[in-house]
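Protein chains in written order, with my numbering: chain L, 1 to 349; chain C, 1 to 557.
Fair warning: there could be bad hints in the mix.
If you want the footprint, here are the derived chain C segments under chain L, 3+ residues with CB under 8 Å [said to hold, decoys possible]:
id, region
1, 174-187
2, 197-203
3, 207-221
4, 323-332
5, 424-432
6, 454-463
Each computed DSSO-like pair below joins lysine-lysine, with the alpha-carbon atoms no more than 30 Å apart [as the list claims (entries may be wrong)]:
id, chain 1, residue 1, chain 2, residue 2
7, L, Lys-308, L, Lys-334
8, C, Lys-232, L, Lys-119
9, C, Lys-134, C, Lys-26
10, L, Lys-119, C, Lys-473
11, C, Lys-473, C, Lys-441
12, L, Lys-214, L, Lys-308
13, C, Lys-134, C, Lys-31
14, C, Lys-473, C, Lys-134
15, C, Lys-31, C, Lys-232
16, L, Lys-119, C, Lys-428
17, L, Lys-149, C, Lys-134
18, C, Lys-31, L, Lys-119
19, C, Lys-428, C, Lys-473
20, L, Lys-334, L, Lys-259
21, C, Lys-428, C, Lys-134
22, C, Lys-232, L, Lys-50
23, C, Lys-437, C, Lys-473
24, L, Lys-119, C, Lys-26
25, L, Lys-259, L, Lys-308
26, C, Lys-23, C, Lys-134
Quick caveat, the hints were computed from the structure, so don't treat them as lab data.
We put the CB at the ideal spot given by N, CA and C, even for glycine.
Listed below, chain by chain, are the residues.
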Amino acid sequence: MSGHTPAPQSAPGREVVPADADRLLPERFENPGLPVHHARMGDTDPKAAKRAERQVATLFGISALGTLITLVVYFAVKFDTPMSFAEYMTRLRISTEGLGMGLFLALFGIGAGAVHWAKTLMPDEERVEERHLLRGSDADRDAAVTILKEGAAESGLGRRPLIRNSLIGALVLVPLPAVVLLRDLGPLPGDDLSTTMWTAGTRILTDPQGRPIKPADMQIGSIVHIVPEGLDKVPDYLEQKAKAAAILLRLDPADLDPKSQPGAYEGIVAYSKICTHMGCPVALYEQQTHHLLCPCHQSTFDVTQDCKVIFGPAKRPLPQLAITVDADGYLVAKHGFTQAVGPSFWERG
Amino acid sequence: MSTTARVAEDVGNFLDERVGASKGVKFLFRKIFPDHWSFMLGEVALYSFIILLLTGVFLTFFYVPSVGRTTYDGVYTPLAGQTVSEAYASTLRLSFDVRGGMLMRQIHHWSALIFVAAITVHMFRVFFTGAFRKPRELNWVIGTILALLAIVEGFAGYSLPDDLLSGTGLRIASSIILAVPVVGSYLSFFTFGGQFPGEAFIPRLYTVHVLVLPGIFLALITAHLILLVVQKHTQYPGPGRTNQNVVGYPLYPVYTAKAGGFFFIVFGVTALMGALFTINPVWMYGSYDPSPVTAGSQPDWYMGWLDGAVRLTPGLFEFTALGFTFSFNIIIPAMIVPGLITMAMLFYPWIEQWATGDRREHHLLDRPRNAPTRTGLGVMSITFYLLLLISGGNDIIASQLHLSINDITNTLRLLGLVLPPVAFVVTKRICLGLQRKDREKVLHGRETGTIYRTETGEFFEVHAPMDDVSRWKLVGYEPIRPLEPLPAYDEHGVRRHGSRLDGLRRRISRFYFEDRVEPVTPAELDAAHEEHEALPAHEEEERGAVTASTSTPVGGD
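So here's chain L without its partners, still in its complex pose (with noise of 0.2 Å):
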């Protein structure tokens, strides 16, 4: 017995009278069966009862009426005539409250007249059922156990173990169709995933606007989103985009670490903009710390640090992509990623 049992209570110095020893207390409490039931008022009085029906058929006319009222909602707004966006969106607002509500009416009325119908009117008085054991009878379960048996010893499995192996091989064989029938699902990953749209000479353009950028439109403290020159002519658009997709910042070159030195054009530097984490866009630039913060999950990178990851869920520095500048003086890649960007992989190392 555990120190969390508090002792029967005994009474010090109060004189114990012997136990009769044919009026032991049972060992435990008795089940006291069923309360007695309490009539409702329903059940005594017919007024109520009567007022309970009408209340139970007003409920079931107010469902009549959000009915109508989701009919005419339904027909009555209309939005087939020409009208501005601004009306069309009130339009809408009524139509759908107005559709609801009577559908809640319409749903509520039936629910809640049932319910009370039931609570109110229907017999109240509790009923007991038997519980059975789920298990069967000894006899039905030798029953069953013989017909398991004589049906096992009919197959013969038992007997001819020639028909059971050749059995269980076909079944093992069998499913590897299926496996195989869904190779098409996909290609091979192949090098898609470490290969990107840049290349040597590939000139940088704004995301959305599309337009080339040269080093002077950048101001120190910028950011822009960048894809490569010719990312809307391919057929493989989004799958490209998510690859590609980076940003160009420019910073004090003083700030920059020397790792990121080489690859950057006087203060310029670009980096991935899919997160090593997950993959989203590593969208929240702030100006004053030089951190980027990916809004999924929070991976905090440090542009001053080559992108390093300084909080957060992700292991790898968003990898860089060395830029310089063309014969025309516009932004263009040095070269492709020299690492796969986006979220790890098995085969990434």
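Fit chain C to the known structure of chain L by using the hints.
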């Protein structure tokens, strides 16, 4: 005979002679179901599912499961002329151009949220009352699978409009697949039909959302309900309720009206929510594009705990070895933690059964306080879950309260490790305290507020004894004691087979049942009464209660 009666007879006869309907009526219609408000939670889940089917079918008439590019030219002019996907354009069309479409979409989305919420709270009820015990373990397993599939189905559903928010969610899903060791990139390419986002995924997801998962739901819900009828519903303990009976009202007509009516109430309230509260305004986010994103991205509430787990796991868990990347910063929160939670849920009934050594059927529910360790474990799990859910909104908390996101995240990391065990201990202690309070009440009666003063100047309050019916609620449970150790060696000094496992089993059993408060026995009550009688002025009040069992003394325990 009236016309109605004649028609009823004809219909009944027709059905009986063809499908033997009379047997079904006899078996089912007068079945007794117990009544309690908490039994309604599962009903809410069931009815939400029906609402989802009805509104979902309406949505399929207008939704186009394709990411083919199209130029939006519908009535929502802020997006006019934009290149969007067919899925997105059709979602806008069914919201803005189809009369009642907006309402249907919003009812569908609201009832999806209610569906998962109702399942969750229903599971809490089943867990804390011990309704999962034998013979209902299988229904607990089915329910757990349904709960997990409901989350998947919800995620699939809100990903279909192909808007910016849901597309970002899909990108996260693809990154989780990529993080699977060895085969991640292959799995991702097979799932998405190539590189993310690809054109294959939305149509595939549509099939999963409207055919595969609803089919599985229908099958599992049917099994869930059949088992409910076969095993009969559990009931709360109380006077007249035993493990061998079921006390309540018949299915027909009482529950036909109550439960049937309740379906309409749930539907009505969901319709009202769909009418009045905007949900998932995809037109504000735009069509999916991998580059932009909105600050404060939040999934639907039931995904929040997974998102929170991902947010809390620091990046240092990722490492490279032998030229391969091990992304444990994703594997732990997105695979290992949910996997362990799922396993713990699926196997819980057998874990507890092992600790009690109890193989009997249980049809009477436990009051949560009478199972302190189980209740503690449940609150511990809920605490952990809620902390993860809160973590899923750490950015919202930071921006709303102007706090540092780093401080919040670090605090939540710490709390995630510390608070659940604390919640366990505190809950268990509260349960034991409540049990002691019950004992006090049974032994000494209810405080009446009437104060007496004796001639000697002593004050005392009169306690009214409890009647049989209200006392039964407090004493009518079974004390469970830890399993007694079996000797590890038999009489020949040979180590008994399985004795090592026995040690573990006894430790678990002690963990569950060592701290306990046992219900008052008649002998204890009797002793308490005698003690009261020793006080002179008390006599009057106590006489009534002890007449049935006067002055039988008790010699210790």
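Here's how the hints hold up against the structure:
Under the rule that three or more residues need a Cβ within less than 8 Å of chain L, the assignment of the region 174-187 of chain C holds, with 12 such residues. With 3 residues bearing a CB less than 8 Å from a CB of chain L, the region 197-203 of chain C meets the requirement of three and the coverage assertion stands. Against chain L, the region 207-221 of chain C contributes 0 residues with a C-beta closer than 8 Å to a partner C-beta. That does not satisfy the three-residue criterion, and the hint is violated. Proximity of the region 323-332 of chain C to chain L, defined as three or more residues with a beta carbon under 8 Å from a beta carbon of that chain, is established by the 6 residues found.
Only residues whose C-beta sits within less than 8 Å of a C-beta in chain L count toward coverage, and the region 424-432 of chain C has 1 of them, not enough to reach three; the restraint is violated. Here's how the region 454-463 of chain C fares: 0 of its residues keep a CB closer than 8 Å to some CB of chain L, so the rule of at least three is not met and the hint is violated. The straight-line distance between the Cα atoms of L:Lys-308 and L:Lys-334 is roughly 21 Å, inside the 30 Å bound, and the hint therefore holds. Of the pairs offered as hints, the one joining C:Lys-232 and L:Lys-119 holds, with about 22 Å between alpha carbons and a cut-off of 30 Å not exceeded.
As the CA atoms of C:Lys-134 and C:Lys-26 are separated by approximately 27 Å, the hinted pair is consistent with the 30 Å bound. Distance check on the hinted pair: L:Lys-119 and C:Lys-473 sit about 25 Å apart at the alpha-carbon level, within 30 Å; holds. At most 30 Å may separate the alpha-carbon atoms for a hinted pair to count; C:Lys-473 and C:Lys-441 meet this at roughly 11 Å. A C-alpha spacing of about 27 Å is found between L:Lys-214 and L:Lys-308, which places the hinted pair at or below 30 Å, so the restraint holds.
Taking the CA atoms of C:Lys-134 and C:Lys-31, the gap is near 21 Å; set against the 30 Å cutoff, the hint holds. Taking the CA atoms of C:Lys-473 and C:Lys-134, the gap is near 22 Å; set against the 30 Å cutoff, the hint holds. In summary, the hint linking C:Lys-31 to C:Lys-232 is supported, as the alpha carbons are separated by about 9 Å, within the 30 Å threshold. This hinted pair does not check out: L:Lys-119 and C:Lys-428 have alpha carbons roughly 38 Å apart, beyond 30 Å.
Proposed proximity of L:Lys-149 and C:Lys-134 is supported: the alpha carbons are some 28 Å apart, at most 30 Å. Taking the CA atoms of C:Lys-31 and L:Lys-119, the gap is near 18 Å; set against the 30 Å cutoff, the hint holds. Using a Cα cut-off of 30 Å, the hinted pair C:Lys-428 and C:Lys-473 holds, with the two alpha carbons roughly 20 Å apart. The hinted pair formed by L:Lys-334 and L:Lys-259 meets the criterion: a straight-line CA distance of about 16 Å does not exceed 30 Å.
In summary, the hint linking C:Lys-428 to C:Lys-134 is supported, as the alpha carbons are separated by about 23 Å, within the 30 Å threshold. A C-alpha spacing of about 35 Å is found between C:Lys-232 and L:Lys-50, which places the hinted pair above 30 Å, so the restraint is violated. For the hint linking C:Lys-437 to C:Lys-473, the alpha-carbon distance of about 13 Å falls within 30 Å, and the restraint holds. Between L:Lys-119 and C:Lys-26, the direct Cα distance comes to roughly 24 Å. Compliance with the 30 Å bound is thereby established for this hinted pair.
Taken as a hint, the L:Lys-259 and L:Lys-308 pair is honoured in the structure, with Cα atoms around 11 Å apart against an allowance of 30 Å. Of the supplied pair hints, the one linking C:Lys-23 and C:Lys-134 holds, its CA atoms being roughly 28 Å apart against a limit of 30 Å.
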